[in-house]
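J.: Here's the letter readout for the chains.
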Amino acid sequence: MAFKEIALNMGPQHPSTHGVLRLKLAIDNEVVLSLEPVVGYLHRGMEKLWESLTYTQIVPLTDRLDYIAALSNNLGFVLAVEKLAGLEVPPRGRYIRVALAELQRLASHLAWVGFQANDIGAMSVLLYAFEARERVLDLFEEYIGARLTVHGIRIGGVPRDFDPEFVRKIERTLDGLPATIRNIELLLNENRIWQERTRGVGVVGAAEAVDFGLTGPPLRATGVRWDIRMDVPYSSYEDFEFDVPLAEHGDVYDRYLVRMEEMRQSMRIVRQALARLPGGDFTAKVPRILRIPPAEVFQTIEAPKGELGFYIKSNGTDKPERVKMKSPSFINLMSLAHMSRGNLFSDVVGILGSLDIVLGEIDK
Amino acid sequence: MSDRPALLPGFEDILAALEGRFPGAVLAVEAARGECSVRVGPERLADILKFLKAEQGFAALQDMIGLDRGPAPPAGAGRFAVLYQIYRPADRRRLRLSVEADEANPLPSAVATWRSADWAEREIFDMFGLRFAGHPGLRRIYLDEEFDGHPLRKDFPLGGRSGGL
Amino acid sequence: MSAVGKFLRKIFLVDILTGLAVTLRYYFSKKVTVQYPEEVLPPPERFRGILRLYRNEAGEPLCIACKACQRACGQGCFDIEGRREEGAKTMKPVKFDWRLDRCSFCGLCVEACPTDAIRFSREFRMSGLGRGGLVFGHEAMYVEGDDLQARLCGEGCP
Amino acid sequence: MMSPFVADGLIPLAKILAVILYPMLMVIVMIWLERRVVAWIQGRVGPNRVGFQGILQPFADAVKLFFKEDIIQRRADRFLFNISPVLVMFSTLLAFCFLPLGESIRLGNYTLDLWVARSPVGLLLVLGLSSISVFGVIFGGWASNSKYPLMGALRSVVQVLSYEIPVGMTVLTVVFFARSMDLVRVIERQKEAGVWYGFMLPVSFLVFWISAIAETNRAPFDLPEAESELVAGYHTEYSGMKFAFFYMAEYAHMVLASSLVVILFFGGWLPPFPNVRAFAFLGAVPGFVWYLVKIMFFLYLYVWIRATFPRYRFDSLIRLVWKWLIPLAFVNFLAVVALRYLL
Chain A
0 MAFKEIALNM
10 GPQHPSTHGV
20 LRLKLAIDNE
30 VVLSLEPVVG
40 YLHRGMEKLW
50 ESLTYTQIVP
60 LTDRLDYIAA
70 LSNNLGFVLA
80 VEKLAGLEVP
90 PRGRYIRVAL
100 AELQRLASHL
110 AWVGFQANDI
120 GAMSVLLYAF
130 EARERVLDLF
140 EEYIGARLTV
150 HGIRIGGVPR
160 DFDPEFVRKI
170 ERTLDGLPAT
180 IRNIELLLNE
190 NRIWQERTRG
200 VGVVGAAEAV
210 DFGLTGPPLR
220 ATGVRWDIRM
230 DVPYSSYEDF
240 EFDVPLAEHG
250 DVYDRYLVRM
260 EEMRQSMRIV
270 RQALARLPGG
280 DFTAKVPRIL
290 RIPPAEVFQT
300 IEAPKGELGF
310 YIKSNGTDKP
320 ERVKMKSPSF
330 INLMSLAHMS
340 RGNLFSDVVG
350 ILGSLDIVLG
360 EIDK
Chain B
0 MSDRPALLPG
10 FEDILAALEG
20 RFPGAVLAVE
30 AARGECSVRV
40 GPERLADILK
50 FLKAEQGFAA
60 LQDMIGLDRG
70 PAPPAGAGRF
80 AVLYQIYRPA
90 DRRRLRLSVE
100 ADEANPLPSA
110 VATWRSADWA
120 EREIFDMFGL
130 RFAGHPGLRR
140 IYLDEEFDGH
150 PLRKDFPLGG
160 RSGGL
Chain C
0 MSAVGKFLRK
10 IFLVDILTGL
20 AVTLRYYFSK
30 KVTVQYPEEV
40 LPPPERFRGI
50 LRLYRNEAGE
60 PLCIACKACQ
70 RACGQGCFDI
80 EGRREEGAKT
90 MKPVKFDWRL
100 DRCSFCGLCV
110 EACPTDAIRF
120 SREFRMSGLG
130 RGGLVFGHEA
140 MYVEGDDLQA
150 RLCGEGCP
Chain D
0 MMSPFVADGL
10 IPLAKILAVI
20 LYPMLMVIVM
30 IWLERRVVAW
40 IQGRVGPNRV
50 GFQGILQPFA
60 DAVKLFFKED
70 IIQRRADRFL
80 FNISPVLVMF
90 STLLAFCFLP
100 LGESIRLGNY
110 TLDLWVARSP
120 VGLLLVLGLS
130 SISVFGVIFG
140 GWASNSKYPL
150 MGALRSVVQV
160 LSYEIPVGMT
170 VLTVVFFARS
180 MDLVRVIERQ
190 KEAGVWYGFM
200 LPVSFLVFWI
210 SAIAETNRAP
220 FDLPEAESEL
230 VAGYHTEYSG
240 MKFAFFYMAE
250 YAHMVLASSL
260 VVILFFGGWL
270 PPFPNVRAFA
280 FLGAVPGFVW
290 YLVKIMFFLY
300 LYVWIRATFP
310 RYRFDSLIRL
320 VWKWLIPLAF
330 VNFLAVVALR
340 YLL
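Protein chains in written order, with numbering that gives the first Met the number 0: chain A, 0 to 363; chain B, 0 to 164; chain C, 0 to 157; chain D, 0 to 342.
Hints in this document: simulated from the structure, not taken from any laboratory.
In silico lysine to aspartate or glutamate, DMTMM-like type, Cα no more than 25 Å apart, as pairs:
1) B/Lys-52 with A/Glu-207
2) A/Lys-318 with A/Glu-87
3) C/Lys-30 with D/Glu-33
4) C/Lys-66 with C/Glu-122
5) C/Lys-88 with C/Glu-138
6) C/Lys-30 with A/Glu-141
7) D/Lys-322 with A/Glu-189
8) B/Lys-52 with A/Asp-210
9) A/Lys-47 with B/Glu-102
10) C/Lys-91 with C/Glu-56
11) C/Lys-30 with A/Glu-184
12) A/Lys-47 with B/Glu-145
13) A/Lys-82 with A/Glu-237
Sample of chain C residues lacking proximity to chain A, with all beta carbon distances greater than 12 Å (derived):
14) Glu-37
15) Ala-57
16) Glu-85
17) Lys-94
18) Leu-99
19) Tyr-141
20) Gly-153
Computed, partial: chain C to chain D, Cβ under 7 Å:
21) Gly-18
22) Leu-19
23) Thr-22
24) Tyr-25
25) Tyr-26
26) Lys-30
27) Thr-32
Here a beta-carbon is modelled for each residue, glycine too, at the ideal position from N, C-alpha and C.
Kindly produce the complete structure, drawing on both the sequences and the hints.
T.: Listed below in structure tokens is the structure:
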């Protein structure tokens, strides 16, 4: 009897592809034979658009790349421009940026654990995680007036100062978060169904991960100790003590453990940043028309999804000649096919969720 | 050999090793803002990449960047260039390899060396029209197969073309 | 924990019961959602709502039609023309169009404005029934609050 | 005293109507209960606008579904496509006829017993009917002629069939104790024994309850309609009233399973603590009320479990039943038999 596997299309409209992604799957009674992601549905031609905008006008557009962690995109792009223009950000500005970036990582990981748990069925965890995330977004809304497309980090520093009352508000919010994270861990960590769905699923080895160019939590889950904040510190990360959570099996469960621990580390960093907030002004003097002499630079940061990089080539005018964004989700998604071969169809949902990809960042 | 501006520690030995293994391969070196960019010819590119990964420990290809200097490039430089951002975890060194490219003769694909080059090269083909020899499945990644033209070229209108796809 | 311990925990459904305990606690906890149209959470003071033009205490418009906002905006939302009446110190805007449908609320125009004429209001009800309603003329830039909402919706709103 | 016309005509008619309305009423209560309880567990309020505290929300849903366009796939197998919702609904409602809702009430010389039909093999009938609804799911998934419903249907077949074995075995232990398959008799036997079977056979109860959840395709075993994987499982292609049928049938099936658990293991309409003198006054409350209280507890448990746990993967689900539940049920059955004859 001729053997014919089911060719299945998952997406581009599908409840668990987190955005507009299509997966072409070949399935033989629920076992995945081959998988090919198709991207481009959310391609807005950002890099072309950037070539016709000034550096200051590009920053709000970077909010829309990884729309779950807008501040990290701002930070990545802004650091590259400052390195290109040789701008020096005052220490207070750098510390506020670290606090904002780590709060953004916290919010991004909370959104991730909500989606991941909901994909695997634990629907209440989604609501608990998002309620906690709302508290962090309220801080951004109070700080600069927007929750998602924050545009809260500018070239040369930050737009507004942290007044003492706002610092206390952040600390009060951080005091309330561990309880929610603890509840999520009580619901998931030891749960036999959760372990059944995540242990040994979507495994990738350390060497393969490096070869695939994996970065961020999926890479650290295989035991490889890479964290840009530690390896190539930027924005005075070297002043803070925090440890880089690692795991060893590189499966969905370990990525979950790594991200949950990263949330705690982020809170630790924010508290240190607030405790040792230096005085002085929070932004450097930036000329209204910023012209940068011809040069090129490649700057990366540790975004919540992985290593986010910006290559900028300037040509002396106030507009960049070329901006290339290195997206962690774009590269992490490439290894989905390798990770899901041989797993079951319902695992593909779990593995895709564990990579924490955002289509805005992939399609640019 | 071209001028050798003050280099940061760690790059001399890499350049020396590269020079030793492939005499004359290094066309220009540019070090600024703590980064080092090396221009190499396309001839022995594949071996250079393998050499850098296998013997020099550049385990990860961070990104591949396509460049278009416009239909009338400044003197001495071709129109297209491809840049390889590679990373050495041992001493956390980053190197940028730039290679002149053009539509006529495709560059050797780096997929055999680093698997993360797969989609990066597809994106460069999609956006610039530069082909890569030996790539397992070189086709557009963002735009539709029938779309003709390559948007990131300087002569492609920003507002796009009316009609067509 | 020892293998026996793990086995006992598995048999007596300890992980199942802790999970149920957590959801039970949430069942009796205070609810976080508010009844939106009746209860409205006031947006914070720096909230980036709809852009409005403002007047000084004497009531004259602050805007001097210097087009700083038009230049600062990356999305081309503004279309301004100013004219200087004779004897007046500064120019007045004759035409001031702002396209709400193109605006991404990035705030570059507010930062660029020398006289603080254009600022974010705390109005977040921005939906309208047609694209026409989303382009604001000069006098429409001064409309606030509920009548702004009525203008946006046209006759369709309660 | 009671004219035959009333005794043999009106009352049975009234009972038939009651048997149709009772599940429908329970389904409406269940829809409201599920949306509110899951909402409360998740820290939100749930529907509270339509009617007092959202009571009329199920009616609003029903009316909406009634007027929704009823789409049939072009190449769907029309007959099977239309028959499967009816099949699922019909078999579940039919099973309600054999459920005793309360003890018989004496009206003068006429005894009104709160069940439509009493048969010596009532338990067998109920189990048989409830497994007919599997056909509805299979035909529905197959007839929709699209990949996701097909996969949902295939998963549902294997799941329901393999979970009927532990159900059968645990029910056997109860029948073994009650020495009869007649549901009313089982309750009376529990009354005579003074102890409910749920406490005498805890393992049977647990295995039966887990299998009941799996058989009604409810979380954490709701693989056939796993939203995040199969979009909506076997009823993806259904819309309008046909979808409403599937939706209501699932809730009716849940009520049926809870009733079975209550009758077999927790003494149907018997007041709690039957043999404790101090609680004798509980007997004053009519049996039917106790029956409802117990069912509502189990229905709440259904929703509570759904809001708490992730979803099993298909192979772990099957491994669970074949490696754990069936051997456990079997050993439990042997133990019960041995105990019964040794004591």
